[in-house]
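For the protein sequence lines, the chains are A and B, in the order given. The first sequence begins at 19 in the numbering used here and counts up by one. The second sequence begins at 16 in the numbering used here and counts up by one.
Don't read these hints as lab results, they were simulated from the structure. Any given hint might turn out to be false.
Claimed, not checked - Residues from chain A shown here face chain B by an in silico Cβ test under 8 Å; the list is partial:
id, residue
1, Leu144
2, Ala312
3, Ile323
What the hints assert, rightly or not - Okay, the calculated bits of chain B under chain A, using three or more residues with CB under 8 Å as the criterion:
id, segment
4, 76-88
5, 104-111
6, 258-268
7, 320-333
Small disclaimer: the values here were computed from a predicted structure and weren't measured. For glycine and all other residues, C-beta sits at the position ideal for the given N, C-alpha and C.
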Amino acid sequence: MITLEKKKPQAQALNNVVIRFVGDSGDGMQLTGTQFSDTSAMFGNDVATFPNYPSEIRAPQGSLYGVSGFQVHIGSVEVSTPGDNVDLLVAMNPAALKTNLYAVKPGHTIIVDTDSFTKKNLEKALYEKNPLEDGSLENYRVIQVQMTSLTKEALKDVEGLDNKSITRSKNMFALGMVYWLYNRSPEHTIDFFKKKFKTKPHLIEANKKVLNAGYFYAETIELIPNSYSISPAKMAKGTYRIIMGNTATAWGFLAAAEKSGRELFLGSYPITPATDILHELVKHKHFGVKAFQAEDEIAGVTSAIGASFAGDLAITTTSGPGLALKGEAIGLAMMIELPLVVVNVQRGGPSTGLPTKTEQSDLLQALFGRNGESPVIVIAASTPANCFNYAYEAAKLAVEHMTPVILLTDGYIANGSGPWRIKTVEEMPEIKNHLIKEAKENWHPYDRDPETLARNWAIPGTPGLEHRVGGLEKDKVTGDVSHVPENHEIMVRTRAEKVKRVQNYIPPIMPEFTDEGDLLVVGWGGTYGALHSAVKELFEEGYRNIGFAHFNYINPLPKNTEETFRRFKKVIVCELNSGQFANVLRMNIFDIEFLQYNKIQGLPFANSELVEKFKSLI
Amino acid sequence: METATLNNKYTYKDFANDQEVRWCPGCDDYVILRSVQKALPEMDVKKEDVVFISGIGCSSRFPYYMGTYGMHGIHGRAPAIASGVKLANPDLSVWVITGDGDSMAIGGNHFIHVLRRNIDLNIILFNNEIYGLTKGQFSPTSLVGQKTKSSPYGNTQPPFSPGELAIGAHGRFFARISGNTPKEMTETFVEAQKFKGTSLIEVMQNCVIFNDGCYLKYTDKTVREDKQLYVENGKPMIFGKERDKGLVLNGLKLEVVNVGENGITEEDILIHDAKEKDPTLHQMLIRMEYPLVTGIIRSFDDITLEERENALTEEIKSKSSFHSTSDLFFSGETYEVK
Chain A
19 MITLEKKKPQ
29 AQALNNVVIR
39 FVGDSGDGMQ
49 LTGTQFSDTS
59 AMFGNDVATF
69 PNYPSEIRAP
79 QGSLYGVSGF
89 QVHIGSVEVS
99 TPGDNVDLLV
109 AMNPAALKTN
119 LYAVKPGHTI
129 IVDTDSFTKK
139 NLEKALYEKN
149 PLEDGSLENY
159 RVIQVQMTSL
169 TKEALKDVEG
179 LDNKSITRSK
189 NMFALGMVYW
199 LYNRSPEHTI
209 DFFKKKFKTK
219 PHLIEANKKV
229 LNAGYFYAET
239 IELIPNSYSI
249 SPAKMAKGTY
259 RIIMGNTATA
269 WGFLAAAEKS
279 GRELFLGSYP
289 ITPATDILHE
299 LVKHKHFGVK
309 AFQAEDEIAG
319 VTSAIGASFA
329 GDLAITTTSG
339 PGLALKGEAI
349 GLAMMIELPL
359 VVVNVQRGGP
369 STGLPTKTEQ
379 SDLLQALFGR
389 NGESPVIVIA
399 ASTPANCFNY
409 AYEAAKLAVE
419 HMTPVILLTD
429 GYIANGSGPW
439 RIKTVEEMPE
449 IKNHLIKEAK
459 ENWHPYDRDP
469 ETLARNWAIP
479 GTPGLEHRVG
489 GLEKDKVTGD
499 VSHVPENHEI
509 MVRTRAEKVK
519 RVQNYIPPIM
529 PEFTDEGDLL
539 VVGWGGTYGA
549 LHSAVKELFE
559 EGYRNIGFAH
569 FNYINPLPKN
579 TEETFRRFKK
589 VIVCELNSGQ
599 FANVLRMNIF
609 DIEFLQYNKI
619 QGLPFANSEL
629 VEKFKSLI
Chain B
16 METATLNNKY
26 TYKDFANDQE
36 VRWCPGCDDY
46 VILRSVQKAL
56 PEMDVKKEDV
66 VFISGIGCSS
76 RFPYYMGTYG
86 MHGIHGRAPA
96 IASGVKLANP
106 DLSVWVITGD
116 GDSMAIGGNH
126 FIHVLRRNID
136 LNIILFNNEI
146 YGLTKGQFSP
156 TSLVGQKTKS
166 SPYGNTQPPF
176 SPGELAIGAH
186 GRFFARISGN
196 TPKEMTETFV
206 EAQKFKGTSL
216 IEVMQNCVIF
226 NDGCYLKYTD
236 KTVREDKQLY
246 VENGKPMIFG
256 KERDKGLVLN
266 GLKLEVVNVG
276 ENGITEEDIL
286 IHDAKEKDPT
296 LHQMLIRMEY
306 PLVTGIIRSF
316 DDITLEEREN
326 ALTEEIKSKS
336 SFHSTSDLFF
346 SGETYEVK
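Chain B on its own, in the form it takes in the complex:
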């Protein structure tokens, strides 16, 4: 990658194009699109080195609306396509755009394996807990009991939590962001780009048509600060409008406490360590229902697949006496016919 600073010569407009954006009015996808376009000038990347790869679904129309290189792929396969792009040219900044149907159902296999391998990709998962483009069936993140077009009496299939799944697959970077917080989203995308390895950002994205208000109890402006804990690395895990609530570890469980009650001071509140290799605490944070933990929950630096591959290739090259295919073809047992 070019290391020279690019002095933020771009604006968000450089990453837009002339195509008409066709999402439903009021969809969070617009917020995500603009946040990505705003984040890109903040990154140390050249426009021509940026590639967006998607699968199928509402979210996956995203690359068509970007002024970068892009491919609208096939259902669930974006991580595999993106892996090919990145392995072919590790200098590129490669982004995967996917939804909960795309990545958790039909593409579940590719999703877990890309995380396991730790290829330096950034995955933005638009999670609206519903199938949008196929018009309203339950998805692998829909809640039990949820009534949808394909579950008129209530969904009977328990959901996946993308973050838990990611950690189970040895994911090294996981962030969860509300679809209505563009500033946090932009910052998170910039951090994801800086992170070497597969970064997964789950965006809680509202579907205005088929699952409207699905996250309202966490994302509504009136309750947001009381119901969400936005974590930052190295800072105490404090939340609430009055910043008076925090997390402590009680035995093997996380517990919400009130600062100033029962002799609890800010000192007692857990400090967030996203860089910790052991995912136990990150997993507990992901699982919490109150407060819902958002922000960069895990960001553990590790060697990437392409770094491993590159090192191995250089080592083999340095030891090999083969410089062209002819060296190979004439090696070993050959014989002359005269």
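The shape of chain A in the complex, shown without the other chains:
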């Protein structure tokens, strides 16, 4: 263990720092982490956060599998991931220390609550000896604090508190210490308590006392040699808020509904990690949102198809196994050519897989998981904040092209959060639609817009436009049932062409760092942050021959995809699966060798592994 010299605290400037708060699932680590990241964001830092909790509701206290964590990365420079290795670990018990020690950079700081290092807790964490005493932590700066006792001491004069709530507020003691360590004011959190416990003044007082106690403790003990300052980041002007990916997705749909003048209908069935979109949308009845919790995934999507037929902006939200169940209905929506957005927040698969872990392995399911030839638009969001844009874009493409759109996000960006520069509906692009308001002579339900090939949208309640749609093949003109062989071929090709033409309405791929050179790093979806920061690190080291192309549009691909790849000697496709996007590219572009970098561990990419891989290729 590093012996700490007594010296006067002095703030040391840092560019960025990664902090992880870990404890039992009842220890309030999510709240602690959120408060720290919100405070830092308001101070002006760029932030990225990621919660990590067990799939059990409440695992036994002190157990290794019951550890819940929240990681936050703050910076005075752009921060694009929650970070791989941590500068500061706050571990509330032995199990939390044991399961997270691997992530702490050697020489960096660990704060522990020594009161929790009891014989019983050490046994539960499968420690044979107390790690605080056996010298195994000598490569770290360990700050041992009797957090539980100090919390009790701080609260001895506050009335109306039971033992349980006293012990539970020790997370605020830890937060107070961290605020002091990184030169942050506890004021924001105190305001938060004032709002949260409006009717329970004793809880405001208690939490404030413990928070301040932690803050002053860190200041006075002089155990901490110095504190750190991270100055505000350079960010675009505007009003910001910290937003979670799933919330951003929900809000993107709210904005799209307002812009398009359609009411929003969500048909959904709860599934991790997509459910928070449902949780968010059910709150917004004041905007007329119809959020329907259906009896299963199939009813979720089919109710949305019904709502779309009746003229609503209809969406359904799910995760991998749910998308599998929705497949037949998406085929119907594709056949009857109605707008429908299907959100798939990907998680580890197959089957029930790793429900709380992230993966990108539903890409082929999204592209091909239906019977017959049934192309749909597939797009992917890449950061928590841009889930807003891509949800909006998914709705816009669905309505403008009269087709289902699958929006892929993943557990990592859906649960992660970051700053979002608030966009108003006025700032968002127009959403046109193909609604027909009145009967025209010689009208057919499958009349198409010559540019997009979108059919028109005649909704029940409109006189004179009564018509029938259905899953049976349609006559190319009238839309009536047709079993004519040649007609089927024409319709299959037309539906494919309709999706293909979306290329004319999406932006070209624009490589970052360089648009020609030795190596092009290719990614899609939620790996943007990790890939971007790895390539940026190399760029800053002086490598000017690596470019980075990240795809948000997957079906169709941007028009200039092939041409972009040809400007690089090597192309490496990086994915959290065994190579699904690489294979899609191979299907489309035959004579380019696509190298692969794949990780299938339910974990996001680590910066170091990417940097090492890219270096080996140039």
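Start from chain A and add chain B according to the hints.
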């Protein structure tokens, strides 16, 4: 819904279209189609507000033959599709067309939940106790022992009774009608439309190809009046060619008695109360094998899901300070970067 009376300006032809109807000759489906087309002009609805949604199967081709809006959906999912249509636009008159395979097997889950929720839909269940379009396998309403293509030695799976299932799922409206009684069918459809909530009409529909005569012991013209009790709300439950038989309650069981025998008069016969909330007696009527009870057995008025949703939405709207998404986006904790 438009409340002005439409003065029956429509005829059944307004609800037909130019598509060739392709069911087997002699199929009861033709009777049902025509009865629906005849019922619609009797209702207070505009043609453009009528939507037919179906699943898969012979019955589910129905929407293609209507002059209204319609969707031929996917297997068993019509109630869910229709729920979306109705929740999106509660002003529409939404009809679900389904068969016993479609709604009792693959769509069983949606069937029970739509009834539980009480969305204002009308479900016409074509029950022929067989899978027709897949060519003759037993269905969830086929009888034990029934020989079919998938049960050559006799069906071993006991059947569902749609009415019992509906009541178990808190169904508020249930009617059972013979496929060969168009007049009663038409009247029942009109009543179903008037009813606020999910109405389920089971039509005993004969499949001439794979299960011909399955209901003959009840529906044949020579025995119909003796074997069926057609109930009407507020009227005594009397049946028989001579109108001399009726139902009385004996302890916890329904019993058939002869009027004029053992001192029994018409006064003693039970009066049908379809509006009763407690489904016990309705359940007993549904279960009877002799006589087979037809007509509107249950019609209990209750609040619909869309009424609940609408009331809640209005309440939330009236309390909310959010008028546009910008109000939401800028609410709570935001900060400026200058």
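Okay, the hints, checked on the actual structure:
Checking Leu144 of chain A against chain B by beta carbon gives a least distance of about 41 Å; that is not within 8 Å, so the hint is violated. Here the hint on Ala312 of chain A is kept, as its CB sits about 7 Å from the closest CB of chain B, short of 8 Å. Contact between Ile323 of chain A and chain B, as hinted, is supported at the beta carbon level, the nearest pair being about 6 Å apart and thus within 8 Å. Counting residues of the segment 76-88 of chain B whose beta carbon lies closer than 8 Å to any beta carbon of chain A gives 10, which meets the minimum of three for the stated coverage.
Three residues within the 8 Å Cβ limit are the bar, and the segment 104-111 of chain B against chain A gives 3, so the coverage statement holds. Interface restraint, the segment 258-268 of chain B with chain A: violated (0 residues with C-beta to C-beta distance below 8 Å; minimum three). Three residues within the 8 Å Cβ limit are the bar, and the segment 320-333 of chain B against chain A gives 5, so the coverage statement holds.
Figure legend: structure checked against the earlier numbered hints; hints not met, in rising order: 1 and 6.
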